[in-house]
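Asks: Quick note, the sequences are listed as chains A and B, same order. Reading the first sequence from the start, the letters are residues 1 to 619 in the working numbering. Reading the second sequence from the start, the letters are residues 1 to 355 in the working numbering.
Derived from the structure by calculation, the hints contain no laboratory data. The model shown is predicted, which means the values in this text are computed figures rather than measured ones. There could be a bad hint or two in this list.
[What the hints assert, rightly or not] Covered, in the sense of this in silico footprint (three residues per stretch, anywhere, with C-beta under 8 Å from a C-beta of chain A), are these stretches of chain B:
#: 1; region: 113 to 119
#: 2; region: 197 to 210
#: 3; region: 230 to 236
[Stated by the list, open to error] Taking beta-carbon pairs under 10 Å as the criterion, some of the chain A residues facing chain B (in silico):
#: 4; residue: Phe82
#: 5; residue: Ala155
#: 6; residue: Pro158
#: 7; residue: Val161
#: 8; residue: Tyr197
#: 9; residue: Phe220
#: 10; residue: Ala226
#: 11; residue: Ala270
#: 12; residue: Asp361
#: 13; residue: Asp363
#: 14; residue: Thr374
#: 15; residue: Gly524
#: 16; residue: Asp607
Even glycine gets a Cβ: it sits at the ideal position worked out from N, Cα and C.
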Amino acid sequence: MTQSNSFPQPTAYAATEIPSSLAGWEAMYPSHFFFGGAREEWENRHFWYLDKIHAPYPLPPLDHIFQQAWQISLSQHTTRIFCIPPAQGIAQRIVGCYQYICAVEPPPDEVIGEKAALFQARAHYPVEHYDELWEEWLVRVQALGAELKAIKVPAELPRYVPDNEMFPDGFKGYTAAYELMESFDRAVNCLYKGWQYHFNYLNLAYLYYLTFFGAAKTLFPGVSDAAVSKMVAGADVSMFRPDAEMCRLARLAYEDGPVAAILEREDTAAEKIVSLREIQSGRDWLDEFDKIRDPWLHISTGSGWYYNEGSWLNKLDVPFGYVKGYIERLQKGERIERSLDEIGAARDAVLGEYRSLIRTDEDRATFDNAYSDTRIIYRYAEDHLFWIEHWFHTLWWDKIREIGGALVKAGSLKKVDDIFMFNRFEVPALIEDSATRWALGEGVPSMDWAGTAAKRHGILNAAGKWIPSPALGQTPEEVAEPFTIMLWGVTTDKVGDWLKGSSVDPGDLNEIKGFASSAGVVEGVARVLHTADEIMKLKAGEILVCPSTNPSWGPALGRVGAAVTDIGGLTSHAAIVAREYGLPAVTGTGLATTAIKTGDRVRVDGDTGVVTILERAAV
Amino acid sequence: MTYVVDLKELDRHAIGLVGGKNANLGELLKRGIRVPPGFAVTVNGFLHYLDEAGIRDDLFALLGEVQTEDTACLDTVSAEIRGLFRQSQMPDAIMAQLRPHYERLEDVCGREGIPVAVRSSATAEDLPNASFAGQQDTFLWVRGADEVATYVRRCWASLYSSRAISYRVMNGFPHDKVFMSVGVQKMVNAKAAGVMFTLDPANGDRSQVLLEGTWGLGESVASGEVTPDQFRVDKISKEINRRHISHKHVECIPDPTGGIAKIVPIHDDRCDKSCVTDEELRELARISRLIEDHYGGPQDIEWAIDHDLAFPENVFIVQARPETVWSQKKPEPLLAGKSASELLLQRALQVIKVG
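Between the sequences and the hints, there should be enough to build the whole structure, so can you do that?
Replies: Take a look at the structure:
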């Protein structure tokens, strides 16, 4: 790649290219995430690209905490724990509310040598002991979730400390003001620890996957990426469980006429619950429903990374909508459950066919071993997602909203969700200011936190309209970091596409590229949806265009002609489900929801990963 | 003596009687693979003809004189031999078998004067690996038993083309061990046609089928008149991994006035359109795997898509023969004899070039 083809220099770009409508954005994030200063020379020799996987949209300041947490945890598992020899961590920066990341250049040769020895000693144990390690992991994560959930947040800062706290039985020695300060600090600690757990086996799982992937591609140079991921993907993973529970509850209701009749109404979930409570079988059904709230309703309607996505737990219309859809399908005599046995058998048959084409016993033995190792540890990549990004994050959102509620009552914020407009270093200041004001007595003025929150909502909106450069800095010659390759799919082609596309407004594109995640070609009318609760708008046969999917989108995928996502690789939920339904899918396009508008006529080519906009909808 | 036999009655053991091509067609039919129906004129028919026409001795005498390095001499001998074939008649004993077979084909296809393709199928006794690919003639759009008989003789004569003679000499095949059977099959009314390999010839990848095809009959591809569309389909996942649509300015269509095909320009928008649909591609890939499984090795297959029939009845296999390049290579371990844990370390040490 020649110099003239390189991307803008990070510091210069950050200094000159951010639109004035974003003025004030710097105050929203910690300063150690900015380009420039003492690190400028190091930054300018690296290659930074927009992180469309974790931060496809402008980052609300408090949601930035997940990024902060993964930067440390992901990186340390590569550099200090499993010691993947030439790979270093992934560094983050923020430019105008968007996150850029880079794979840090390789360490000196002697460090690579040291790490190689450690890697060999450490890389096999987790595969050999995966079942017990997974059980321990789950216990650890669930305990941490319980700890997060149990953090006491005072409902308000009371006008006077109540009587009962004045006397020995209820005496604490500290007040709600202190509790409020402590609650946030403890929630942050839990969150960071949860993200420490998040990566326990993930780097290794990706590395094993890439190893198997490499072996398969050596044996079968023409095999598609999607076909290889289909060999590895598990059917029985935690992410599919919420959907499976909806099927189960739908069947339960279907077997009892009156319950099904209520659930089939066009009412809201709240109205249906009232009606169900009036009959015994309805109450029984609600008991069953309540039993799965924790953990299986702790699932985001989006990626789990943004506060405004919401979860099934607080958008009950979503799970109730699915139950309704499933009951209707049961009445048509359709089967609604994913047959894990059939999916597993189909995968084994496909694997067996490829395997039978391997020409030497030696290769077949290596292929078999690489495959079984990968299947064992790759489960982690599939299972951790539910427990951290969905279950644990849902607990986090709920806890932070409790704190936000207390701050609204204290008069510091106007709306509960305003708390997300302050980063994790600012929230303690916000709480402390509120606590101080409360302590100082009556008539003490507040800083204008609510005003700042309103201004920041405005900046995020403006940032949503800005298209930042897909990459910054020097294009690298090589990358060793497994996530960069696997999760973000940084390849020569991708960098080339970024170079080509960096000057084009996505609204003017007529072709976008992503992963060829599920085979087939379909043309149809696009429907752009941002969260799962908009799903009712989908008409049969439309092309679903969305940021990403998870099981909360499940039943919708059965109705669409094809699926296109901004985020997600070959093993993403959308890819797996699309392959099961046999509908074409292109995932990880980065900008489908920006480039495509509802009503556009598009062609989705799941064989090549290309989405073509054939005809723009009339404006 | 059996001079003519239905393709359905043939299998691989009939190779000495009807040659490799015809025996193959019988095998495919037995596997339930769609092959255009037809019959074969056997080697016995060929030998009977040589005797009846009284040209056997002259033929081998002339061949004995030939000097392959002398092209002029070769051409003269070849022309003289083919003259012998032209001047003689098809023996009654053969016609007595050929005519009912052709009539049965008319019945099966529900059409009088059913057009057929007449193709040579050489046999080489004790020489099962001899490849005579592309050396003998094919005649298309032939109608009526008498016309069939004429082109059967022309197929026989093609065994003595300059090229065929010199091939045998160069490869040490005695002329009197190589005979000719002829296959007669219902003409596929080809909307599109082409070839496919049950592996990727570029790298030997056996999970892939490489297909080439064009509008009309496949002859324009073989003759290099047209750059064909090219596709690569995964045999197992059925994904279409490569799709290259070329500009096809001409097509080969049967010339109803003669027994051969003619090249005509394409004037409509088919020039830049894919000559096969995705479902046809996937069906071809599926069939290719059946054929390959049946023969236990990679195949080189000719196919055609019929104009008149509906999918999948329109997908025909015209011919299958073993692939010769990759199949003859000794399989080497591709993973360099590494164990899974060695591969893991190699992968961990690896850097990916992206610049």
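Asks: Now, for every hint given, state plainly whether the structure supports it.
Replies: Structure-based check of all given hints:
1. 113 to 119: violated (count 0)
2. 197 to 210: Per the Cβ count (6), the hint holds.
3. 230 to 236: Contact hint for the region 230 to 236 of chain B vs chain A: holds, 4 residues under 8 Å.
4. Phe82: Where the cut-off is 10 Å and the nearest Cβ of chain B is about 9 Å from A:Phe82, the hint holds.
5. Ala155: violated, 52 Å
6. Pro158: violated, 58 Å
7. Val161: violated, 59 Å
8. Tyr197: violated, 23 Å
9. Phe220: holds, 4 Å
10. Ala226: holds, 7 Å
11. Ala270: violated, 46 Å
12. Asp361: holds, 9 Å
13. Asp363: Holds: closest Cβ of chain B sits about 5 Å from A:Asp363, inside 10 Å.
14. Thr374: Since chain B brings a Cβ to about 9 Å from A:Thr374, closer than 10 Å, the hint holds.
15. Gly524: The hint is violated - A:Gly524 has no Cβ within 10 Å of chain B, the shortest such distance being about 16 Å.
16. Asp607: holds, 5 Å
Checked against the numbered hints above, the structure breaks hints 1, 5, 6, 7, 8, 11 and 15 and satisfies the rest.
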